[in-house]
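Residue numbers (this note's numbering), protein chains in the order written: chain A, 1283 to 1550; chain B, 105 to 382.
None of these hints come from the bench; they were simulated from the model.
Just to be clear, a hint being listed does not mean it is correct.
[What the hints assert, rightly or not] 20 Å max Cα-Cα, derived DMTMM-like pairs, lysine to aspartate or glutamate:
#	chain 1	residue 1	chain 2	residue 2
1	B	K194	A	E1447
2	B	K241	A	D1530
3	B	K177	B	D315
4	B	K249	B	D315
5	A	K1342	A	E1508
6	B	K259	B	D245
[To be verified] Quick list of the computed label-pair ranges, beta carbon to beta carbon:
#	chain 1	residue 1	chain 2	residue 2	range
7	A	L1365	B	D315	50 to 60 Å
8	A	L1536	B	G203	44 to 54 Å
9	B	D237	A	T1388	36 to 46 Å
Note that CB positions come from ideal geometry on N, CA and C, so glycine has one too.
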Amino acid sequence: MSLIDSISLPRSLRLPRLDGLIQWIVPLAIIAIWQVASVTGFVPTRVLPAPSDVVLAGWKLLLSGELVRNIWVSFWRASIGFLIGGGIGFAFGLANGLSQLSAKLTDTTLQMVRNVPHLALIPLVILWFGIDESAKLFLVALGVFFPIYLNTLHGIRTVDPQLIEMGRIYGMTDGELFRRVIFPGALPSIFVGIRFALGIMWLTLIVAETIAASSGLGYMAMQAREFMLIDVVVLSILIYALLGKLADSASRVLERLTLSWHPAFQKR
Amino acid sequence: MQTALRTSLPETELASRANFVPHARVVREDRPVQTSGLPLSIRGLRKSFGDNEVLRGIDLHIPAGQFVAIVGKSGCGKSTLLRLIAGLDKIDAGSIGFGQDIQPEDIRVMFQEPRLLPWARVLANVEVGLGRDRASKDAHDRAEKALIEVGLADKRDQWPSVLSGGQKQRVALGRALVSRPRVLAFDEPLGALDALTRISMQRLLERVWRDQGFTAILVTHDVSEAVALADRVLVIEEGRIAHDVTVNAARPRQRGSVELASLEGSILSHLLSADDRT
């Protein structure tokens, strides 16, 4: 997925000033049309507030410090949950990709767990952890685990066996073989896993925060609904979109830095 | 010296026999004078994969520094023989000796595919060939020298993906050469290249062999390549050495010369007559 995206947009990687603007044309146009529709009364503000109202609500929340605090809380939950779940997924992916025994022992179990939608565990998680931080972290970690596990495993299993034989012929130790052949070979696949996982990370967090939380962006949106502050609700949704975009961009930058050898990331 | 050699010329091939001098040991001045190569002694070598007996008793002596080409039809066991010599597969029965104890760096293999690490730059790929000396201080210098040898010094900082097929194979050759091997085994190294690139690669192979004096073993399905490069051509049929042909043409060899062409023709006719019998 990630590779295909970058093949179709290779120039945006090199000319951020010009091509970087192109991708914002559509979002900005949508906002402009939305503003016009609101101002002319075509869309009642009860249904959808004007973008200017949303910005105003954001400004007020920013001044009160509430916005920054909630974004920070959500960001913290997302990253910690991602690190825990991603770390465990990566470790299992490595172990099962490198060791037949480990794969036989755990893969079937993991595949069974994978087929349970992790959001279906919310009632159970609330019973276990209440609306504690650990509830959100648990759900995010669980959601992030599988894409990273599966793609790490796939990446390691599909490393070219001819390269591994070459490494052995040239006297690489197991450690060197992993560092110089297996891991770099699995990296493109691992990045696909990371980008899938980032999407699942936000999704899980939004749902978890809307259902059971006393802080964070999801909570802010639910509170605003209680008081009919539709501009704050829309603001929260827009912030989620921005944060998702930000996470995706960050993973792309990382991808470009580490996969510069890959033909899809090279200057033509 | 080569009494253990198997030569089973069919009687019907007497006409072309004049070109076969299986036991001749001619000392020629165009072989590297000071050879760093190792001699090879192979005795009673057998290898099976499951029920399929691929090598059925190979006896062979290769003097140090000789360039030997192994030809044969697909599945005749020539690649298996090469993999056993290079130590890539386990021997079922028999022995392969090099006349002394050897280091892993003494034997190198070059495959049909370049097998370069796509995520390492050209120079780093060549450094891989140093084996245990990779971490040494002069690793860079040695790798650069090997790159100069294969004529790719200007590509040292490139990614393999931007190189042409022939250039990749030259990097692979540099990687094989960098540890100064004493036996170099080639498994169809030029099989995937276009005709012109092949010829220039053949010249390069011949040049580095003469410069460095390793013992060269080339598995190929291209008989003209075999007679152009080798001192000696072994024809393998059904897991045995069927013919052992010495190529006496002087180097540098004239490609397409009558001498080489007639030799090529007679080897080909042997390969094809074996085909007719089955």
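Checked hints:
Simply put, K194(B) and E1447(A) have alpha-carbon atoms about 14 Å apart, close enough for the 20 Å limit, and the pair holds. Restraint check: the Cα-Cα separation between K241(B) and D1530(A) comes to about 41 Å, which exceeds 20 Å; the hinted pair is violated. Straight-line distance between C-alpha atoms of K177(B) and D315(B) comes to about 31 Å, which puts the hinted pair past the 20 Å bound. The straight-line distance between the Cα atoms of K249(B) and D315(B) is roughly 13 Å, inside the 20 Å bound, and the hint therefore holds.
Pair hint K1342(A) plus E1508(A) holds up; C-alpha atoms about 18 Å apart against a cutoff of 20 Å. Straight-line distance between C-alpha atoms of K259(B) and D245(B) comes to about 15 Å, which keeps the hinted pair within the 20 Å bound. A beta carbon spacing of about 55 Å between L1365(A) and D315(B) agrees with the range 50 to 60 Å that was offered as a hint. Taken as a hint, the range 44 to 54 Å holds for the pair L1536(A) and G203(B), whose Cβ atoms sit roughly 53 Å apart.
A C-beta distance of roughly 39 Å is found between D237(B) and T1388(A), which places it inside the suggested range of 36 to 46 Å.
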